[in-house]
Every structure is written in structure tokens, then in C-alpha cells.
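K.L.:
Given next are the chains, with one letter for each unit.
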Amino acid sequence: MVGIDLQDCHLHLPVFGTANRSLKGLVLSAVTGGRLASSSRNVTVVEALRDVTLSIAPGDRLGLLGHNGAGKTSLLKLMAGIYEPTFGSISVRGRVSNLLDVTMGLDFEATGVDNVILRGQLHGLKRREIMARLPQIWEFTGLGDFMNVPVRAYSSGMLVRLAFSIATSLEADILLMDEWLGVGDADFNKRAEERLLDLVKRSSILVLASHNASIISALCNRTVTFSHGTIESMAELGATGLEGAA
Amino acid sequence: MMRGANARGGQGVERLPHSGWREQAGLAVQDVRDALRGHHAWVALAWMDIKHRYRRSVIGPFWITITMMVLIAGIGTLYGLLFRLPLREYLPYIALGDIVWIYMSTAAQEGCGAFTGSENMIRSLKLPFMTHIMRAVLRTFIVFLHGAVAYIPFLFILQISPEWIWLMAIPGVVLVAAMTVPLSMLLAVAATRFRDIQPSIANVMQLAFFLTPIIWKPDMLGEHRWVADINPFYHFIQVVRAPMMGEMPSTLSYLYCVGFILALVILAVPVFVLGRRKISVWV
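So the sequences go chain by chain: V and E.
If you number the first sequence the way the working numbering does, the last residue is 246 and the count never jumps.
If you number the second sequence the way the working numbering does, the last residue is 283 and the count never jumps.
In short, the hints are calculated from the structure, not lab data.
The model shown is predicted, which means the values in this text are computed figures rather than measured ones.
C-beta: ideal position from N, C-alpha, C; glycine also.
It is possible that part of the hints are untrue.
[To be verified] Sample of chain E residues facing chain V (criterion: CB under 7 Å; computed from the structure):
1) 33
2) 39
3) 117
4) 121
5) 126
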């Protein structure tokens, strides 16, 4: 069954200075008995998440709240499988679609079409399956002939259009989002909004981090507030307006 | 509503099953299995890398071939004259040795950059880490094949006709290619954590080039021949070069290659198992 379970999860992110990541630091600290260069051995570690236990079931639309640096994005990256917990365990069951940073992972030297194919292949789709979806993605981007131009020639708005269209064309049970995606111009924005809502309705679980309270209350039926990497509070909201529509 | 599971206390750092050796080994095996199952991902990425490197160039990746031909013609004739060796015998020797050498040294370099070069992708997409390694391994192999083509014109110029024994070079190439997999695994993880490894490897390989019988022959060492015989690179070159020169590589060379691959695997596996889950925070 689709679901996400985190059990006592800790996530430590090392921050490497230039000195810390070199062998010299390690060798020197060994030679000097850890005295002279002892500081270079101590890598600064950010405790991004501390003792997080959370269980997300099908039908949950979870909103993540908290200040900048409270741990929302770290949690999303943990759920996306990009990070693994330093301690604790996590289990994620179901196909995950991560809309954390849609433009990342685009290849700037490749054309729009090539990027669609590449992303599909990374997602584990066969070329045939991707080709079947290509026209629909192409149409949604509204980029026309620009799809045959290398992505590096795109304007930033076009880039987001392409990335958004690719990322939202993959079916998933679990949808991870860092901020509600605002995209491109007014015309595209409206279509994008509809598409996102549709995607949210079809997915079984949504986890959305946002600073925008109205978006959270419109889309989510549960919230978790983070503070300094730990869960500060949890709350159940009523059914979302969306649920009724679906 | 309950307040998470904070009862345990903030500093609770007891090791839970997820961080155990056995679980990590299982996850590493899963990673490799997923990468092999999703092979079209790294095949596509490797080809894309090759295409991009030469996008907008008219002859594309055949620049690799041309560069190799120029190199062979240059150092082949120069050292042939210096050593006063017949070109028909010496040029194939240095050409084949160099082609295999460049393959191995590129594999080491590209292996070091397997993760650091895909930083964006690692930080935003969940892919098996082995996928990034195989991308580098395959890319290097494709470059090697383009380089190997450079040998063909010299066959015509020197009027060398093919022999059946040349086919024995195929298992040789397979051995070299097999070696690049654990080599890349080991270096990719280590060089992501310690950024001095990549430049160190570049220097080590530079030195190793002169210590390996590529431009010179092991017999020239006389009583110091053992210097060549203990060098694993020599044996990897031999299993490809010897058959192409009409000789059967010695059993010792094959054993040495297999042994070196096993040694690399023994080193690479624990490094990959323990380092894997930290790669995305190290890049």
C-alpha cells in the first residue's frame, strides 16, 4: 500500500569548507596528533532533521510549515530518496514524483525533445512509451518549434514551461512539492494551475512545503510545523475543498 | 495531536536498523541491481555526453580518432628512430600500447568525476548511484573505441595483414573494460569525499605511463625486468597488445589481470557500501 513512514529520522548534513574536504587535513591531523590541524578534522555538521517520526497514509495531503531552514526541504529530499537518514529509518512505498526543483536535471545542451526523452528514460520508461507521450507534452509546453532548439537558448520562462511539462507528465502515487509552482506568463500559469490540481487529485499522497497559508489551507488536510529540524506541532485540517471536487 | 516522537530526547543518536552494515549492503546491492535494470538510462546519458562534447563540430567524436592518429604517427616514428627499431614492428607496439593506456588512464580520471560531474542530477533526482558510475564507464569505453579506430590506417600504411590470433584481443579488451567498473566505483566514491584524489590520480597516471612498457619494451630493462612484470597496467596492455602482434599473451598476464580486478572489487565494494548513502551530501 502507498505510504510514507519515518521512524526517528535524523539527518546530518556536513558542510565542507575548502580545508575540510582535502586529504591534507586528514593527514596533517594524523601527523600532528590531531592538535595543530584538529579544527580541520571537525567538519561542520548541520542537524537538518532531528528525531522526526511521521506516518503518511493514502489520502493525506500534508502541508509542511516552518521558517526558512526549519527542515521542510530536507524532509522532502529525504522522502524523495535524495538523502538517506543519518540515523533512523524511512520507508516510502509508491511511485514518487518530485517537483522540488523542476529545472534541475535538465540538460542545457540538449534540445527540448531530447530532454523529454532523457527524463523519461531516467524515470525508467521505454523509448516507445515516451514517444507516445511526447505530442501531449509538446503541446502543453506551447513551445512549438523551440522544442527542437537546445535548451540553453531558452528564456527562463520557456525553461520553466518545459521543466514543468515534463515533471507533471509522469504519473505518481506520491507528489512532493517545495512551494506551489508559479510558472511563466499569465496564460501558461492558468493551464499549469489546472494541471497541478489535476495531478494532486490523481495522486494518493501530496506533501507540500509552503510559506503561503492560503495555499496550504486550500490543498491540505494535515499540517506539520517544523522548527529547528524537529516537529513542533501537527494539526488535522478539515477536508479540503479539493476533496469534494474529486 | 501528538508531538512527533520527541520523547526520546533531542540528542538520541542510537543506531537504528537503517544504518546497520547489513541494511547498507542490501541497499547497495539494490542500487546496483536497479542501475543494471535501468540500463537504458546510463546508455542514453553516456551517448548524450559524447554527442555534447562534439556538438557543433563537423567530424564530431572522430576528433578522438584523429588525435590518436597524430599521436601514434608522432611518437611512433620518433621513438622508432631513437631506439633504431624497424617501424613495421615498433609502430604497432607503441600504437596499441598507447590506445590501451589512454583507455585506462581516462577511465581513472572519468571515474573520479562520476559523481562530482553529475552534482545537479544527484541533488535533484533519485537515481541509483551505480547509474552515474556506469555512465562514466560506458562513456570512456565509447571514447576508447573511437581511439582504437585510429590504428586501422596504420595497418594499410605498414601493409600488415590480419591474423586469426587478433581475435584473442577481444577477451583482453573485455578484461580491461571489466577492470574499469570496480576502478570507477572505488574512485568515484573516494574522490567525491576527498577532492585531492582526482589531481593525485592524474599525477600517478602520468608517472605510471613512463614506468609501463608502452614506448619501451620490458626486455630493455635486462635484469630489472621485474619492474614491468609486477606492474598490473603492463599485463592489461599485454592481453590486448600481444595477440594483435601475433603472440599469445602469457597465462601469467591473464592471471594478473583477473587478480587485479578481484583486488579492486574487494576494495571498491566496502567503499561503495559505506559511502553510497553519503554521496548526495558530499557532492
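K.L.:
For each hint, tell me whether it holds in the structure or not.
P.N.:
The hints, checked one at a time:
{"no.": "1", "hint": "33", "result": "violated, 13 Å"}
{"no.": "2", "hint": "39", "result": "violated, 10 Å"}
{"no.": "3", "hint": "117", "result": "violated, 13 Å"}
{"no.": "4", "hint": "121", "result": "holds, 5 Å"}
{"no.": "5", "hint": "126", "result": "holds, 4 Å"}
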